[in-house]
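When you get a sec, could you build the whole thing from the sequences and use the hints?
When we follow my numbering, the leftmost residue of the sequence shown carries the number 885, and every step to the right adds one.
Hints in this document: simulated from the structure, not taken from any laboratory. Built from N, CA and C at the ideal position, the CB exists for glycine as well. All the given hints hold, so there is nothing to weed out.
Derived lysine-lysine pairs resembling DSS-like cross-links, with alpha carbons at most 25 Å apart:
id : residue 1 : residue 2
1  : K1047     : K926
2  : K913      : K926
3  : K1047     : K894
4  : K913      : K1040
Restraint-style ranges between C-beta atoms, simulated for each label pair:
id : residue 1 : residue 2 : range
5  : L1045     : F963      : 12 to 22 Å
6  : A1000     : L1045     : 32 to 42 Å
7  : A1046     : R948      : 23 to 33 Å
8  : A1000     : K1040     : 30 to 40 Å
9  : F963      : I1031     : 16 to 26 Å
10 : G939      : S1012     : 34 to 44 Å
11 : V989      : G897      : 28 to 38 Å
12 : E1039     : E890      : 30 to 40 Å
13 : R962      : A1000     : 33 to 43 Å
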Amino acid sequence: MSNPSEEIVKTFGHRLRVRVCGICIQDEKVLLVKHRYLGKEKHLWAPPGGGLQLGESAEETLVREFREETGLEISLRRFLFVNEFLDLPLHAIELFFEVAIEGGVLGIGQDPEMSAESQIIERVDFLSLAELDAENPLQIHSIFHNIEKISMILEKQGYYLAKN
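What follows is the structure in structure tokens.
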């Protein structure tokens, strides 16, 4: 498919997806993946993660997604909160977990659900709050809005709605 944005809608849109996402913090920096073609500004920094597959546990999914997107091996520490992303035609329930790095080498991975010419992962990096604040807020996952330090993300609990 020649238009990556159309491929995203075809692959992920017009259905409810359940996703798992990992919050990994080191030295007051959070591990994020910069996706192209996502969000209002067509770039979006978000925690690593992805969609649950039938028969796969949330933990298995998150371990697989971290390996695919970042090259890292992780373990789950604890469940944090739920975020509902609602921007039709995209709709997702996102389960956020705190994770710890157990091995691997950080690098730019790929999304196996997207074609080779439409890969959406542009960058993978640990970002500080100052680096996040320097970005356009529309290019940062909404869970990072209105926090005063990176570790505050680990204090979030409950349900959040991101609706456009």
